[in-house]
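Colleague: Protein sequences appear in the order of chains A and B. Residue 36 in our numbering sits at position 36 of the first sequence; the count goes up by one each step and never skips. Residue 45 in our numbering sits at position 45 of the second sequence; the count goes up by one each step and never skips.
These aren't lab readings, by the way, just hints derived from the structure by calculation. Be a bit skeptical, because a hint or two may be false.
If chains are identical, the list can't say which one is meant, so a pair holds when it fits in one copy or spans any two.
In silico SDA-like pairs for lysine to any residue, Cα to Cα no more than 25 Å straight-line [said to hold, decoys possible]:
1) K149 with A195
2) K233 with N243
3) K149 with P201
4) K149 with R37
5) K149 with H76
6) K233 with A208
7) K149 with R35
8) K149 with P199
9) K233 with A210
10) K149 with Y168
11) K149 with P231
12) K149 with D72
13) K149 with S52
14) K149 with G53
15) K149 with A245
16) K149 with A192
17) K233 with S170
18) K149 with P194
It should be emphasised that the depicted structure is a prediction, and the values quoted were computed from it without experimental measurement.
Number of protein chains: 2
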Amino acid sequence: MRTRFILIETSHAGNVGSVARAMKVMGFDDLVLVRPRWADVLQREEALALASGADDLLARARIVQTLDEALDGVSHVCATAMTPRDFGPPTVAPRAHLAELAARLLSPAAASLGVTAADPADGAAQPDPASAVPIGVAFLFGSERYGMKNEDVYRCHACLSIPTAPDYGSLNLAAAVQLIAYEWRQALGGFALPASGAPQPRAADAQAVAGLLAHWEQALVAVGFLDPAAPRKLMPRLNQLFNRAEPTEEEIHILRGVARAMLQTTTQARR
Amino acid sequence: MRTRFILIETSHAGNVGSVARAMKVMGFDDLVLVRPRWADVLQREEALALASGADDLLARARIVQTLDEALDGVSHVCATAMTPRDFGPPTVAPRAHLAELAARLLSPAAASLGVTAADPADGAAQPDPASAVPIGVAFLFGSERYGMKNEDVYRCHACLSIPTAPDYGSLNLAAAVQLIAYEWRQALGGFALPASGAPQPRAADAQAVAGLLAHWEQALVAVGFLDPAAPRKLMPRLNQLFNRAEPTEEEIHILRGVARAMLQTTTQARR
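Looking at chain A on its own, in the form it has when it is part of the complex (with noise of 0.2 Å):
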């Protein structure tokens, strides 16, 4: 599916290099500018440098003077912005809104209506090359200083509002277009977690624990730590903290190696 992102009047031309960067860490890379404050924002030292390695980005972006030139190919756009307007799209939270428009248009029925997910990039891509036209969606991203203008809200189908303290909803640009391009990430089925290189520990059973139990209240006897006489339901309590960390077999081990050696320990010092 093609995902564009469109920052409208831009005036900081590091927050355009932050904004690529937002967009490529979550896998999207179709930035357009409409009449951005200066005209080689693409090209300035401090876009490139905010970029931080998503300058590919900024060398494919394109700029264009009407809102219209950018919307090609896109069929569902999205507002943000803080205030709703009257007259215009509903306002919505991303991640309902999101969830619901990646189901919508993944859905057999987006298929059957001709319509695909073309964009390899996207990872969940269903090409039907033979009856296929790109979904597009875009979202849309008013000037730092004034945000969106109503005219151009009322091009869109909805307007998201990222939901911020009652008192203070200043979101910067770029950490506005990071919340997006994450949550519409993750509607789209999102990116796996990074492998551990260790395999996953397995965790012990109860009675290799109860064996542990055993073996550590001899000790502490031992040790002179637990009297059995007045035991002060210190086992219990031991147990209670083992059954919530939950230990792996290499842990019990741990733990047994510890009684082993409480138990050595008061052996030698009888001698």
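Start from chain A and add chain B according to the hints.
Modeller: Okay, now just chain B, sitting in the frame of chain A:
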């Protein structure tokens, strides 16, 4: 519930300002810096500029020399790291882990253990002054250049890994803080969307849509667009279009006005 963001060995003053802004926009205010590169980072011009109204967080932030000093009152510590560490805590996706953590810490079982979510800023407070032991959650972020050290990761209960593109995982520090702050806020119940000034418009019922279609059919015949002898499924097509658009009562009124104008124009033309 106390929520603390801890930056370890941060290099860039601008990032510290951006982090303060990212936290405040999600309603968090407890920031601690461990061994920042600049001792005066909280007063630096770049930090203040990028905090953009969140300078109260910088004014209240603490600078300490060890991670130990930063962890007072904190019972659950989350590392943030791209790479899982052998012998470290389990690497988990933020959304799943934070949802589970919030459910656990806000549960009646947690309250019965004498812990309580005591920070009124978090909105989800369940005060129990008699037996209140505040729950504290901390999120740790390593330096821009090297990320988190193994020894700091080992201290943690979980290692949050923000899922990023397989070929480009270079999240900016403030962007990472923004995503974690957002996810934790969502897990705690989130903030409400801004209220729309206009009352929610009522969707017209199917009878009103049928009335509109009858009116349009008459008008389209009158202006010569619809030939009753060869209707070519025009009305069923319009019916489907209007069904998808789910018009409000006011929009039905507008569309009937258009039909009325078409009919009046043809009547006048015939005179």
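Colleague: Compare the structure with each hint and give your call.
Modeller: Now for the hints, and whether the structure bears them out:
Taking the shortest alpha-carbon separations for K149 and A195, only the inter-copy value of 19 Å comes in at or below 25 Å, while the best intra-copy value is 44 Å. For the homomeric pair K233 and N243, the shortest alpha-carbon distance inside one copy (15 Å) is at most 25 Å, but the shortest distance between copies (70 Å) is not. For the homomeric pair K149 and P201, the shortest alpha-carbon distance between copies (22 Å) is at most 25 Å, but the shortest distance inside one copy (55 Å) is not. Taking the shortest Cα distances, K149 and R37 sit within 25 Å of each other inside one copy (16 Å), while across copies they are farther apart (41 Å).
In this assembly of identical chains, K149 and H76 lie within 25 Å of each other by CA distance solely inside one copy; the values are 18 Å within and 44 Å between copies. Taking CA atoms no more than 25 Å apart as the test, K233 paired with A208 passes inside one copy only; the shortest distance there is 20 Å, against 74 Å between copies. For the homomeric pair K149 and R35, the shortest alpha-carbon distance inside one copy (13 Å) is at most 25 Å, but the shortest distance between copies (44 Å) is not. Taking the closest pair of Cα atoms, K149 and P199 come within 25 Å of each other only across two copies (21 Å); inside a single copy the shortest separation is 53 Å, beyond that limit.
Only within a single protomer do K233 and A210 lie at most 25 Å apart by alpha-carbon distance; the minimum there is 15 Å, versus 77 Å between protomers. Taking the closest pair of Cα atoms, K149 and Y168 come within 25 Å of each other only inside a single copy of the chain (21 Å); across copies the shortest separation is 33 Å, beyond that limit. In this assembly of identical chains, K149 and P231 lie within 25 Å of each other by CA distance neither inside one copy nor across copies; the values are 73 Å within and 42 Å between. When the C-alpha separation of K149 and D72 is checked against a cutoff of 25 Å, the pair qualifies only within one copy, where the shortest distance is 20 Å, while the shortest distance between copies is 47 Å.
In this assembly of identical chains, the alpha carbons of K149 and S52 lie at most 25 Å apart only when taken from different copies (22 Å versus 30 Å within one copy). In the homo-oligomer, the alpha carbons of K149 and G53 lie at most 25 Å apart only across protomers (23 Å), although the nearest pairing inside one protomer, at 32 Å, exceeds that limit. For a Cα distance limit of 25 Å, the shortest separation of K149 from A245 across copies, 24 Å, qualifies, whereas the shortest one inside one copy, 55 Å, does not. When the C-alpha separation of K149 and A192 is checked against a cutoff of 25 Å, the pair qualifies only between copies, where the shortest distance is 23 Å, while the shortest distance within a copy is 37 Å.
Proximity of K233 to S170 under the C-alpha cut-off of 25 Å is found in neither arrangement, the shortest distances being 54 Å within a copy and 51 Å between copies. Only between protomers do K149 and P194 lie at most 25 Å apart by alpha-carbon distance; the minimum there is 17 Å, versus 41 Å within a single protomer.
Consistency with the previously given hints fails for numbers 11, 17, ordered from lowest to highest.
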